[in-house]
Amino acid sequence: MKTFGIIVLPGSNCDSDCFYAVRDYLNQDAQYVWHEERNLDKYDVLMIPGGFSYGDYLRPGALARFSPAVDALVKEAEKGKLVVGICNGFQVLTELGLLPGALMRNKNLKFICKYVNVRVENASTPFTSRLKMGQTIKLPVAHKDGNYYVDEDTLQQLKKNGQVVLRYSEDVNGSVDRIAAVTNKQGNVVGMMPHPERACDPLLGSSDGMYILGSMLDHLLKGGF
Amino acid sequence: MENGNTTPLWRTLGLTDLEYEQIVSGLGREPNFTELAMFSVMWSEHCAYKNSKPLLKMLPSKGQRVIQGPGENAGVLDIGEGLALVMKIESHNHPSAVEPYQGAATGVGGIVRDIFAMGARPVVLMDSLRFGSLGEGRTNYLFDQVVAGISDYGNCIGVPTVGGEIYFQNCYQKSPLVNALCAGIVEQDKMQTGKASGVGNPVLIVGATTGRDGIGGASFASQELGEDAEEKLPSVQVGDPFMEKLLIEACLEAYETGFVVAVQDMGAAGITSSASEMAARGGVGMELNLDCVPLRAEGMAAHEILISESQERMLLVVEKGKEDQIKQIMEKWGLHAAVMGRVTDDGWLRVRYHGEVVAQLPAQLLAEGAPQYVREGIPSEHLKDIQDLDVAALQPPADLECTLLELLRSPNIASKAWVFEQYDHMVRTDTVIKPGMDAAVVRIKGKKQALAFTTDCNSTYCYLDPYEGAKAAVAEAARNLSMVGAEPMGITDCLNFGNPEDPAVYWQMQRCIEGIKDACQVLNIPVISGNVSLYNETELGPIYPTPVIGCAGLVDDVSRLSTMGFKDDGDLVLVLGEDKGELGGSEYLQMQYGLVRGKPPVVDLEREKALQELVRELIRVGLLKSAHDISEGGLAIALAECALCGERGIEVNLSTLQRPDAALFSESQGRAVVSISSDNLEAVLTTAEQYGVPATVLGTVGGESLLIRVNGEEVADVPLSQCADHYRWGLEWSMKGL
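Residue numbers (numbering that gives the first Met the number 0), protein chains in the order written: chain A, 0 to 224; chain B, 0 to 737.
In short, the hints are calculated from the structure, not lab data.
C-beta: ideal position from N, C-alpha, C; glycine also.
It is possible that part of the hints are untrue.
[To be verified] A few chain A residues facing chain B, derived, Cβ under 8 Å:
hint, residue
1, C13
2, F51
3, P67
4, C112
5, R197
6, P201
7, L203
Please construct the entire structure, taking both the sequences and the accompanying hints into account.
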C-alpha cells in the first residue's frame, strides 16, 4: 500500500476528487495534508490538487508558496519524491519554480470546462508508463488560466529533455505548442492542466485518468527510477 | 418622523403610511431611526412576501418525502438510507440588472449559504436566466457578465453548476432574471435549523467582516427599476467566493462538534433578518452588541451594521461554554468569529451600540408582523387579443429545411455550450449526466441511488395564459426528470413577476400559482421551498410572468439512466403522446412570423402523468435506448437534438392531418421522442398501450442527415454536419448580430 498525500490549501477544491480517485479507484492509501504541516516524510507521492488556493488572489498559485506544507513539498521534490500538480497545482508548481514556464489566462479569456483529447509525448515518465507514445486519451479540463507559456529556448530544452508529457490534440487554451503537461528535468515532478482524478470511472464519461494514476503506482512498486 | 421636506421618512424607506401605523401600534410608540431602518428592510416585499404569502398558501407542500417544507432556510426531502436532500432557488434579478457580474455572483453565494445553513454540503448549482434579445450591446453585456459572475463564483467554491436554462425575450431587456438553485446532501440526523433556543446561549457572527455594501438591498429589490437604477449601485453586494469556500468548510466542521444550536446565513437585510427570524422561529429573544461585530469600514452607524448585506457571513447560536471551540474552528479556516450577543427569553430583539440601547423590538413583529395584501386580480384587456391566432391566415414557409435550420440556431433553442463550458460542471466527480440534456444527474458516492435536477419555464406560454403556462412549466420539469429515468420528488419555485399593485400583474401571479398547484396535485409533487421576486418592471412594462420550476428527482439505480442521444443505426424512432397541432406561443411562430400570440399548448395532466410513468417504466426495464421530451421547436427540433447528441442521422415519416409546418413545430405537451432496438418494438407498444399512451413509429436511426417526410413527401434532408454547425454556434452568431 502506497501513501498519497494530498495537500489541502485554503481554497483547494479538487482535494476530495483526488482523495476518492486514489482510495476508491487506485485502492491506495489517500491522506489529506493540511497546509500547515511541515513534515511530509511519510508520503510516497505528494499531490497538489486543483481549486483556487488563496482565492487565486495576486496570481493563480502565487500565494501557495507561503504555506509550510508547500515549503516542505519543495524539499521532498528536491529529494526525488514524486510530486503531481493538477490544474491549480500546476500553477503552484510553476510559481514555485519547480517547473518551467507560466500559466496565463486562457486565450478566449474564459473558464473552459470540457473533455479534451491529449496525446502522449513521452511514455517513459513515472506518470505515463502505462501509456504508449502517441496514444490519445480523453481527460477533462476545467480552468481559466491554463494557457502555458515558455520562451522559445526553454521550449527547445523541454522537447530535447523529453519534459513535454502531454499535448492537446487541438488548441484548447492557447498554450505554447499545445502543451498540457510538463515534468521537471529530473522527471519526478509533473504539472498538468487536465484532471486525471476526474476520469477514473466510465460512468462519468472517461476512465483514462487511471493510466496516469496507475503509472505512478507502478513506478513506486518497482522502487523508483 | 419627517426628513426636512414633506415626505415622511418611512415613505422614503419604502414603507406605506398604513404599514407605519401598524409599526407604531405594534410597538406602542414611534420607532427610532435605527428601528425604522430595520422595519423597512424586514417589511419589504423581498423579505416579507407581503403580496404573495396568501397565494403561496395554496401550493401543496406535504408529501411522503418532505422533511421540511417552506419556512426554513431551504426545503428538505428524504432520499433514503438516512440521507436528505436540501434544495432552494432564489432570485437575484434587481442587483443583476444594475451590476450583472456581482449581482449574479452574490446570487450564487446567497443560495449556497441557505443550503449549508441546513447542515448540508452543497453538491449542485443551477441557474435559470432570462435576458432581452441578443445582439444588442447592453443585452450582450448583461449576458456575458452574468455568466462570468456565476462562473467565477461557482467554480471557485467547488460546487458544480450542472445545468439550468436561458431564454431571450424583449420583455427582459431591462429586467434580466437571474435565479440560482442550489441543492445539498446531509445525513438526516445532522440537519441544522434556523430556530434559536437555549436562554443564555451565545450568538456568534462568523465569516467576513461587515461593511457598507448592500445597504438597503432588500428594499431596492422591492421596487421597480427606474431611470435612476444605476444610482442603486451601492445597494449591490460584492462577493468573495474564496471566503465562501472557507465558510462552507468551517461551518460543516463546526456542525460536527454538535455544539451548534441554530444557524442562518446573512442574506437580505443582514443581521436584522437572521437575528429576528432565528429568534421568532424559536419563540425567544436576542440581545445583540454591535460593538462586537468585526467591521471593514470606519464610523458605521448602528442601522448600517444592522442592515448591511455584506456577503459570506453566518449567524450561529452555539451551546453556552462552547463558543471557544467554535471560534477555534473558524480561526483554523482563517475566518472571523465574534460573540455578538445572547439568546434571551423575552422575545425581544435588543440591540446595543456604544453602550446605548439603539433598538428594542419584538422579534416576532419584525420578522413575521408585516401586513399581507390580498388584491383583486383583473386580466389585462389585451389578453383576448393576444390569444387570438388564425393559423390558416399564415402562409407556410416555402422551404421547411431552411426553417428547421433557422430554429436550430435561434438562441432559445441553440446549444448553450458557450455558457455551461464556462461553468465547472464536473468538480466533485459525481456529475453523471452533464448540462445540455433533459436533466442533470449526480450520483451519491457509494450509493445506488442518484439525483436528477432541472429548471423549467416557458414564459411566453405564461404571458399568453398564465394558468396553462405555469401548469406546463411543472409538467415539463417533471417530464424532463422522467426522460432520464428519475421520479420527481419535490419542487422549489422562483416566481418572477412585475408590480403586484397592477391588477393585471396580480392576476398573472394568481393564475400562475393556481396552475402550479393543479399540476403539482395531479403529478403528486410537493413544493418544498421557493422565492418570489416582484417589481420586475421598467418603463418598458412588466416582464412576462416567469414562474421558474426547479425540480429534483430520484433515480433508483444510477446504472439505469437514459440520455437523449440516438445510440445505434437501425434502431427505431418512436414518438410517445399525441400531437394536437398547437402553434400558439411556439418558437416557430416567433421566429418565422415574429408573432407572440395564440393560446399556448394545453397540458392534459392525466395524460402527462401517464406519459411520464410510461417513460420511467420503459427505462427501468431497459427497453429504451434514448428518450427526449418535446418542447420548444416541437417534434422536428427534438428529433434533431437526439440526432446531434448521438451523432447519428435519421430517416422518418410523419403521418399527420396537420399542415406540415404544424406537424414539425407544434409544441403540444406530454410527448417524447424515444429510440429502441427493433427487437423490442412489440414490448414497447404493449407497455404503451397499458399506460394508455399513443406510440407511433416514425422511422429509423442511421445515415448522415436528418431526412424528414410528412405523409410520404420529403420536407427536409439536411446534412447532420450543417445542423451541428447551426446548433453549436447559433448562440454566438446571435451575440454577434448574425
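Each hint tested on the structure:
no.: 1; hint: C13; verdict: holds, 6 Å
no.: 2; hint: F51; verdict: holds, 4 Å
no.: 3; hint: P67; verdict: violated, 14 Å
no.: 4; hint: C112; verdict: holds, 5 Å
no.: 5; hint: R197; verdict: holds, 5 Å
no.: 6; hint: P201; verdict: violated, 11 Å
no.: 7; hint: L203; verdict: holds, 6 Å
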